[in-house]
Each structure stands twice: as C-alpha cells, then as structure tokens.
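Engineer: So the sequences go chain by chain: H and W.
Take the first sequence: its position 127, counted from the start at 1, is 127 in the numbering used here, and no numbers get skipped.
If you want the numbering used here, it's the position in the second sequence, counting the first as 1, plus 385.
One should not assume that every hint holds.
[What the hints assert, rightly or not] Here are the simulated DSSO-like cross-link-like pairs (lysine-lysine), alpha carbons at most 27 Å apart as the crow flies: (1) W:K508 x H:K2; (2) H:K147 x H:K180; (3) W:K507 x H:K2; (4) H:K109 x H:K124; (5) H:K12 x W:K608; (6) W:K508 x H:K12; (7) H:K2 x W:K519.
Please keep in mind that the hints were generated in silico from the structure rather than gathered at the bench.
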Amino acid sequence: MKFLGLVWSNLKRKKLRTALTVLSILVAFLLFGFLCAIKEAFTAGVTLAGVDRLVVRHKVSLIQSLPASYEQRIAGMPGIAAVAGQSWFGGIYQDPKNFFASIPVDPEKFLDMFPEYSLPAEQKQAWLKTRNGAIVGKTTLDRFKWKIGDHVPLTSPIWGEPQGQSHWDFEIVGSFTGMKKGTDTTSLIFRYDYFDEAKTRNKGEIGWFTVRIQNPDQAAEIARKIDEEFANSPYETKAEPEGAFAAGFAQQIGDIGKIVIAVLSAVFFTILLVAGNTMAQAVRERTEEIGVLKAMGFTNELVLVLVLLESCVLAAVGGFAGLGLAWLATLGGSPAPAMLPIFYIPTRSLITGAGIVLALGVIAGALPAFTAMRLRIAEALRRNA
Amino acid sequence: MTNSNPSLVKIQGVSKAFRRGSEEIHVLDRLDLEVQQGEFLALMGPSGSGKSTLLNLIGGLDRAGTGSVEIGGERIDQLSDRALAAWRARHVGFVFQFYNLMAVLSAERNVELPLLLTHLSKKERMQHVEVALKVVGLAHRTHHFPRQLSGGEQQRVGIARAIVTDPTLLLCDEPTGDLDRKSGDEILGLLQTLNREQGKTIVMVTHDPHASARASRIVYLDKGQLSTQPPA
Ligand SMILES: Nc1ncnc2c1ncn2[C@@H]1O[C@H](COP(=O)(O)OP(=O)(O)O)[C@@H](O)[C@H]1O
Ligand SMILES: [Mg+2]
Numbered sequence: 001m002k003f004l005g006l007v008w009s010n011l012k013r014k015k016l017r018t019a020l021t022v023l024s025i026l027v028a029f030l031l032f033g034f035l036c037a038i039k040e041a042f043t044a045g046v047t048l049a050g051v052d053r054l055v056v057r058h059k060v061s062l063i064q065s066l067p068a069s070y071e072q073r074i075a076g077m078p079g080i081a082a083v084a085g086q087s088w089f090g091g092i093y094q095d096p097k098n099f100f101a102s103i104p105v106d107p108e109k110f111l112d113m114f115p116e117y118s119l120p121a122e123q124k125q126a127w128l129k130t131r132n133g134a135i136v137g138k139t140t141l142d143r144f145k146w147k148i149g150d151h152v153p154l155t156s157p158i159w160g161e162p163q164g165q166s167h168w169d170f171e172i173v174g175s176f177t178g179m180k181k182g183t184d185t186t187s188l189i190f191r192y193d194y195f196d197e198a199k200t201r202n203k204g205e206i207g208w209f210t211v212r213i214q215n216p217d218q219a220a221e222i223a224r225k226i227d228e229e230f231a232n233s234p235y236e237t238k239a240e241p242e243g244a245f246a247a248g249f250a251q252q253i254g255d256i257g258k259i260v261i262a263v264l265s266a267v268f269f270t271i272l273l274v275a276g277n278t279m280a281q282a283v284r285e286r287t288e289e290i291g292v293l294k295a296m297g298f299t300n301e302l303v304l305v306l307v308l309l310e311s312c313v314l315a316a317v318g319g320f321a322g323l324g325l326a327w328l329a330t331l332g333g334s335p336a337p338a339m340l341p342i343f344y345i346p347t348r349s350l351i352t353g354a355g356i357v358l359a360l361g362v363i364a365g366a367l368p369a370f371t372a373m374r375l376r377i378a379e380a381l382r383r384n385a
Numbered sequence: 386m387t388n389s390n391p392s393l394v395k396i397q398g399v400s401k402a403f404r405r406g407s408e409e410i411h412v413l414d415r416l417d418l419e420v421q422q423g424e425f426l427a428l429m430g431p432s433g434s435g436k437s438t439l440l441n442l443i444g445g446l447d448r449a450g451t452g453s454v455e456i457g458g459e460r461i462d463q464l465s466d467r468a469l470a471a472w473r474a475r476h477v478g479f480v481f482q483f484y485n486l487m488a489v490l491s492a493e494r495n496v497e498l499p500l501l502l503t504h505l506s507k508k509e510r511m512q513h514v515e516v517a518l519k520v521v522g523l524a525h526r527t528h529h530f531p532r533q534l535s536g537g538e539q540q541r542v543g544i545a546r547a548i549v550t551d552p553t554l555l556l557c558d559e560p561t562g563d564l565d566r567k568s569g570d571e572i573l574g575l576l577q578t579l580n581r582e583q584g585k586t587i588v589m590v591t592h593d594p595h596a597s598a599r600a601s602r603i604v605y606l607d608k609g610q611l612s613t614q615p616p617a
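Throw the hints in and build the complete structure from the sequences for me.
Structural biologist: Structure representation (structure tokens):
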C-alpha cells in the first residue's frame, strides 16, 4: 500500500504526542491481556470440567466428609462407570504462604478418573509401591525445585500430625503434567490408604467423590438418584456436574467475569477518548495539507481512508505491543501460583483483543476522518491567506 | 486578440457570492474569460477582489453559483466531486504562495505525492520525480526536508510537484508573494521557461507589476468584472 508511507510520516510529525498515545493504548491492552488471564484462571476449571463427571459431596458443605462405604454404593448404581474419592488435606509446606492443594486419593482410580493428568508409567508403578509416595504437579515441583526422590514434610491444621510425629512425610515418586492447556498442575496427590491409617480422627471418611457416568445426557437424572439414595441418612449428599462444582468455587470469589468487563470498559472508553483526541488534533492542525492533497486530486473518500488508516496504525502499534507484552509476561506462568494456578491468555481472548484494536482504530478515527472528508478545498486553503 | 490557438479555458457568465453573516458578498459577477492554449496569463487586481476565487473556479477547487466553466472542452462545473478530483489529478497543477509542502516529507516525497494517484510503479514514480526536480534545478536537494530549504527552493519543489504529472494547465496563486526579489525573479524565469519550452498554459495571480511583466497577457479583476485596463 503506497499510501502507508504518507500515513507513517504523518504519525511522526508530533513524535511525543504519538508516543504518549501509543503508550496509553499499550498499557490498556497490557491490562486487557492480564485481566483475561485472571478471568481464565478463575473460570478454567468450569470450562475444563468433564461433561461425563459428577461430584458428590456432603449436602451441607464441602468441609464435611462422607463415609468411604459410599464409594461401593454409588458404584453399584445403574449408569455409573467409575467412582474416585478425594479429600481435602490442607497440607502446609513450611509456611502457609506456600499454599498448594494436597489431596489423598486411590492412585489407580484417581488416574483413571482424570485422564487429563499425565504421569509416566514407571512413576505410576513407583507410586503404587511406595505407601507414603506422592505425585506433584510440575508447576509446584518447579516452584520449590523439588526432585523425584525428595522427602517433603507437610503439616495439616485440619487433620493434625500422625501419632508421635511432628509432620507428615511424603516421598515424591512422580510428577504429572496436564494433557490440556489450562489443567491445574499445582497439586500434591498422595495415597488415601497411608492417610487413613495415619490420621487420628474421622477414619474411614472421604471428602467427596468424583463419579463418571456412562451417558452424559443422564447427568441430571443420575445426580438426583444419588441424592435420593442417601436421603434421610446421617450423611446426605449433593451431587452435581463437575462444571457446576467448579463454578461454585468461582462464584464464591465473586463474578470475576463481570468485574473484568466493567474495568476494561472503563479503560477502553478512556483510551478511545485519548486516541480520538489525538486524531482530532492531527486533522485540525493539518487542514491546509488536506486541502492541498485534495487540490492535487485526492478524492474525499481517499482522504477519509487515509485518516482512518492513520488512526488504525496508531491503535495497532500500541494495541499489538500491549497484547504481545501481556502474552510474553504470562508465558512465564502465574505471578501467584498459590491463588491462581492456571495463568495464561486464551487464544480467543487474543483474537478478541485484536478485534478491539481494530475497533478502537476505526471508532477513534471516525469523526476526524469524516471532518477531513467534508473539508472544502477553497476554505482549507484560505486559512493560509 | 488574434490568437489562432484554441481556447483552453472558457468561462462564461460566472458569478460567485459568499455569505458573511446576513449579507451576501458578490465577488464575481457574470464574468467571462478565455485563455488560449500556451498563454501565460497574469491575473491582477486589488486584494480581496476575487482573484483566488476565480483561480479556484478554473482549477475545479470550488464551484460557481451560476455560469459555465469549460476547460479543454470539458464542462468541469458539471462533474461530480469524485470525477472533478480525478480531472484535477490529470489536468492541473497548483502552485501556492506559501508553497504548502508537507513538512514531514522530503522534497522528493513531496513531489511524488500526486503520482501516488497514478498506476505508476515506485520505480517509475521516482524517475518522474527526478525529472521534475531536474527541471526546477533542484536535483541536488532531493532528500532535504522543507525546513532545510530556502523559500525559493521550497517554491521550486512546489513547482516540481505541480508539473510532475505533466498537466496542461498550471495555476499559480501569488507564487512570488512570499519571496524576495531575486528568488522571485528566478521563480518567474522558471515559469516562463515552462511556458515557452514545455508549452504549459499558465494562469498566475499576482498584484506585483514586476511579476505580471513576465506574462504574455494581463487581465485585471475589479468589482467582479475583468478588464484589460488597470482599475482607475
Ligand atoms: N470561503 C469564503 N467565505 C467567505 N468569504 C470569502 C470566502 N472566500 C473568499 N471570500 C471573500 O471573497 C472576497 C475575495 O476573496 P479572494 O478571492 O481570496 O480575493 P483575492 O485573492 O483577490 O485577494 C474577499 O472579500 C473574501 O473575504
Ligand atoms: Mg488571494
């Protein structure tokens, strides 16, 4: 496009003004990128949830546990493919700030239930052989620079320590990665048999069950049947799709999505004013030049396009730099792995961002471009005389 | 007038009025003008008499209230805005009093501007630019920016820009109005050469008798009408 050189030269006319405008657009899109990553961090669990999985927990709250015997009873119900129990251990490594989830499970059933966790076969064998063995997500392994074979001491304010010991001792026998982008790889997973034997209370209880159903279409019906099965018992249950379970978590933190959109709307509105003002000034101080271009034979439409192009280049330079920086920054992983284990900008957010860049360019340039288009040559040139 | 050349410019019964507040100012009043192919016409008259307004009508920069404007046999007053823009690109070159170069572009890129509207390749455009700058005697200043050039040099760039598309008609609005006598003379000499050697038809607005002396014919504009005699 031969006119691009002209557009570019015009942007260089007021270097400081252009730089400041580009910078504010850059910051806005950097913020956009980060907020998208944060939003994703809160909602990834919901979107990644298996449609064929239910979570069964205590009706009153997640803190209360269920009898381990429920596993057999649920597995025996029609339409159920598999059941795997998990509990909340709440382990602390050295300092509560070092938080990561720690969960006792039955290794075989757990790995079978969650194929999104990928663990090398020989590490799985080692886990099955090591009673106090634990597998650790790659993120947490890297975070504390642990290695396979290390012993990790954890304390648990919820469960206390095993009789006569100052801490729970776990030997790291493996490390898992996520098969899908967005899979949480921060947890420490260990054996329920070791846990149940060593804990001093609530023996024979399990936090919640994940249930795989044969036909996802029956999710609601089976959830109802499970709850009916345990109705009027001392441990009533609440069964719900895994997505709803994860969404419940997110809901507790507040509707992150809405907050993010509100913040971004305010930011982009401001940026629109900044960019629009820059373009309006650029056109105003260039009135004569636009008159001269038209005298040479540039059509009104071409002048309109040139101003819009200039505005879009302005938005694109700042916008894509901002998105790029945000993307680079999130490649390094989460700034707070304990609170936001999953932290990346989803591709669809990058595409949305690119769309906003273009929209910003067009909208900010619209009014000045229209003014430039309507400018009458004789009047534009008379300003000189 | 015993000129055998065909008229290039033929204006008949043209009126133009501007509205200032509630009153109408009649600048041109049923005015007629013919300019022959190859003429160098000086358009004189007191300040505010409507010289620029008339020049704008000839160049298709503005539209008359009534009357017809025919250039090279074409009724440009009947063209649409878009067609008129294309017509200007092909047939006229403008030279302004204050040069009106783009400050952010080098001499070479300023001269290239009108060629952006053609289908020429970058290489062809640069060849045309080189020729135009050579004609005005600025071949050694191609990469300079306007602020690095003297007034006379800037006006040469302005003339190069006006002739780079090889138009038949050159319209100059006080081209020496902002120059000292020596630079002004050089510019006038250049216009004369373009008129004589390249056959450009030139209409030049000026209020400087020294400038109009270089023209082949002088007309005076006063009270909306043209005459061959200076107003009393
Ligand atoms: N766009 C306009 N709006 C209002 N008045 C105008 C406009 N253009 C020219 N005029 C008026 O028309 C008259 C002639 O202007 P102009 O053609 O520029 O004169 P000259 O070039 O001979 O000095 C002046 O009185 C000027 O104020
Ligand atoms: Mg004038």
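Engineer: Of the hints given before, which are not true for this structure?
Structural biologist: Result: hint 5 breaks, nothing else.
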